[in-house]
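Trainee: The chain contents come next:
Protein chains: 2
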Amino acid sequence: MARNEGSLYRRVADDLRRKIETGQLQPGNELPSERMLIGSYKASRNTVRKALDLLINEGLVSSHQGKGYFVRQDNTLPYYGRRLETKLMGSSEIYQVWEADLRELGREPRGDLNVSSTEPPADIARMLRLDEGQGVIARKRTRLVDDQPYAFDATYYPYALVENSRLLGAVDIPGDPDEVLAELGHKLKRYDDEVRARMPNPEEERALRVPPGTPVTELARIGYDQADTPVRVHLAVLPGDRLRLVYEHGRE
Amino acid sequence: MARNEGSLYRRVADDLRRKIETGQLQPGNELPSERMLIGSYKASRNTVRKALDLLINEGLVSSHQGKGYFVRQDNTLPYYGRRLETKLMGSSEIYQVWEADLRELGREPRGDLNVSSTEPPADIARMLRLDEGQGVIARKRTRLVDDQPYAFDATYYPYALVENSRLLGAVDIPGDPDEVLAELGHKLKRYDDEVRARMPNPEEERALRVPPGTPVTELARIGYDQADTPVRVHLAVLPGDRLRLVYEHGRE
DNA sequence: AAGTGGTCTAGACCACCTT
DNA sequence: AGGTGGTCTAGACCACTTA
Numbered sequence: 016m017a018r019n020e021g022s023l024y025r026r027v028a029d030d031l032r033r034k035i036e037t038g039q040l041q042p043g044n045e046l047p048s049e050r051m052l053i054g055s056y057k058a059s060r061n062t063v064r065k066a067l068d069l070l071i072n073e074g075l076v077s078s079h080q081g082k083g084y085f086v087r088q089d090n091t092l093p094y095y096g097r098r099l100e101t102k103l104m105g106s107s108e109i110y111q112v113w114e115a116d117l118r119e120l121g122r123e124p125r126g127d128l129n130v131s132s133t134e135p136p137a138d139i140a141r142m143l144r145l146d147e148g149q150g151v152i153a154r155k156r157t158r159l160v161d162d163q164p165y166a167f168d169a170t171y172y173p174y175a176l177v178e179n180s181r182l183l184g185a186v187d188i189p190g191d192p193d194e195v196l197a198e199l200g201h202k203l204k205r206y207d208d209e210v211r212a213r214m215p216n217p218e219e220e221r222a223l224r225v226p227p228g229t230p231v232t233e234l235a236r237i238g239y240d241q242a243d244t245p246v247r248v249h250l251a252v253l254p255g256d257r258l259r260l261v262y263e264h265g266r267e
Numbered sequence: 016m017a018r019n020e021g022s023l024y025r026r027v028a029d030d031l032r033r034k035i036e037t038g039q040l041q042p043g044n045e046l047p048s049e050r051m052l053i054g055s056y057k058a059s060r061n062t063v064r065k066a067l068d069l070l071i072n073e074g075l076v077s078s079h080q081g082k083g084y085f086v087r088q089d090n091t092l093p094y095y096g097r098r099l100e101t102k103l104m105g106s107s108e109i110y111q112v113w114e115a116d117l118r119e120l121g122r123e124p125r126g127d128l129n130v131s132s133t134e135p136p137a138d139i140a141r142m143l144r145l146d147e148g149q150g151v152i153a154r155k156r157t158r159l160v161d162d163q164p165y166a167f168d169a170t171y172y173p174y175a176l177v178e179n180s181r182l183l184g185a186v187d188i189p190g191d192p193d194e195v196l197a198e199l200g201h202k203l204k205r206y207d208d209e210v211r212a213r214m215p216n217p218e219e220e221r222a223l224r225v226p227p228g229t230p231v232t233e234l235a236r237i238g239y240d241q242a243d244t245p246v247r248v249h250l251a252v253l254p255g256d257r258l259r260l261v262y263e264h265g266r267e
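Protein chains in written order, with my numbering: chain A, 16 to 267; chain B, 16 to 267.
These aren't lab readings, by the way, just hints derived from the structure by calculation.
Take these hints with a grain of salt, some might be off.
When chains are identical, the list treats them as one kind, so a pair holds in a single copy or across two.
As the list claims (entries may be wrong) - Lysine-lysine pairs mimicking BS3-like chemistry, simulated, CA-CA at most 27 Å apart:
no. : residue 1 : residue 2
1   : LYS34     : LYS155
2   : LYS82     : LYS65
3   : LYS155    : LYS202
4   : LYS34     : LYS57
5   : LYS82     : LYS57
6   : LYS204    : LYS155
7   : LYS202    : LYS34
8   : LYS34     : LYS82
9   : LYS82     : LYS204
Please put together the full structure from these sequences, using the hints given.
Mentor: Written as structure tokens, this is what we have:
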């Protein structure tokens, strides 16, 4: 109960949010049912549902049909919050570091490879400095840990650069895939990371099994060769509620 | 029109989403009005509104009362997508780099300072390795460019470390605030960045004027002294639709 | 004034979970 | 069977924008 500003559904949402923020409702706790809220706020069902929707889209609450609404846990699982060794040029494929970390923890990462030759998305084309019509080879994976999806990633190579290489095959490259680029005369010299937050599309929501209201971190790692030409982009889509990117600077 | 899976409102949303993704509806274009959609899908108003809500929460669409629904622009404005010179230990306060960049572009960054002594949020306490009850000095700012808010940031110092220093005053520290730490015998030696995506709370939505469905990137930069003790956390909250973090690795 | 979206109600039927 | 959330309808009134 409170005399807040604005519309009824906002007042309901504000009240519930405050109860969550002050700890009156703890993570995992069940919220009052729709029926209860209808009674205590003298609101219609649609109105209390709209309030609950707001909290869901803020990432504070999740709903489960037949069970109820629950306060979401802040689950930055420790074994997902890995470190990126920014000096490691040899293993600049991010997932290699993760996989090594995961194996140390006794968990088995997996992921089926999908290789295709396509037009790149606009973002990727910009990063690889490709003109309209220039294609790419895309090597995509949904990565699973203990059969649960935890990240999606893809590596894009300009088609013209790798057209006769092993990278076209739908098989794992033993060791470092960047080695293939080196064999082709494009040894990596440096890379840039571009990090942004966005909402997942429905496909990603399904593939990563993220609840509504969960943004993803999109990390694009652009690799450049000796001539400073971008030769590949490694893209990772990471659920915001499971992952925290860590960069270490200036460590000896 | 299409025979998709699932509920009616999902089919409507899927259709509209496809039109956006294929470019049939371009960024900035107006979507069909609710009335039109009711007609073409033979759905009730609540149902088409639910479909439109979905697209809004995916960050694809925005609505404007009295005007209509519009396809959102992917506005990673170039002058916000700044570079982080990761080697610059002396000006590791991120905003200093940004402000210099902005001034180069002839834009005037501003931001009112707010200094307070409080209990730190759980995240900050973890990063500063503080026990229950140990306070911090928080120096917070909402940064404006040309009177438009574009980022929120705060720096947290353990109270015990800075209790008699200039950092307690609600005035700008000329030069580098980390210099004050150095004077106190805690010269910064290295720092870690922790990056995560999350949804803004209503306060941040208001302060940063982000439309619904826009996640933020939260960047925490933890500074350590010679004894490897964390001495300050600089936290930045960056609207995901305006900013792209760039890290450069291995550049000469 | 007419068109657009924003809030709210009352009621119906369905799907899922627990007992 | 009874409670919970999920989808959908029909209609009302309000607020904002454009002409």
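Trainee: Determine for every hint whether it applies to the structure shown.
Mentor: Structure-based check of all given hints:
Within a single copy, LYS34 and LYS155 get their C-alpha atoms only as close as 42 Å, which misses the 27 Å cut-off; across copies the closest is 25 Å, which meets it. Proximity of LYS82 to LYS65 under the C-alpha cut-off of 27 Å is found in both arrangements, the shortest distances being 18 Å within a copy and 22 Å between copies. For the homomeric pair LYS155 and LYS202, the shortest alpha-carbon distance inside one copy (22 Å) is at most 27 Å, but the shortest distance between copies (44 Å) is not. Taking the shortest Cα distances, LYS34 and LYS57 sit within 27 Å of each other inside one copy (19 Å), while across copies they are farther apart (40 Å).
Taking the shortest Cα distances, LYS82 and LYS57 sit within 27 Å of each other inside one copy (23 Å), while across copies they are farther apart (32 Å). For the homomeric pair LYS204 and LYS155, the shortest alpha-carbon distance inside one copy (23 Å) is at most 27 Å, but the shortest distance between copies (39 Å) is not. Within a single copy, LYS202 and LYS34 get their C-alpha atoms no closer than 55 Å, and across copies no closer than 41 Å, so neither meets the 27 Å cut-off. For the homomeric pair LYS34 and LYS82, the shortest alpha-carbon distance inside one copy (20 Å) is at most 27 Å, but the shortest distance between copies (36 Å) is not.
For the homomeric pair LYS82 and LYS204, neither the shortest alpha-carbon distance inside one copy (54 Å) nor that between copies (51 Å) is at most 27 Å.
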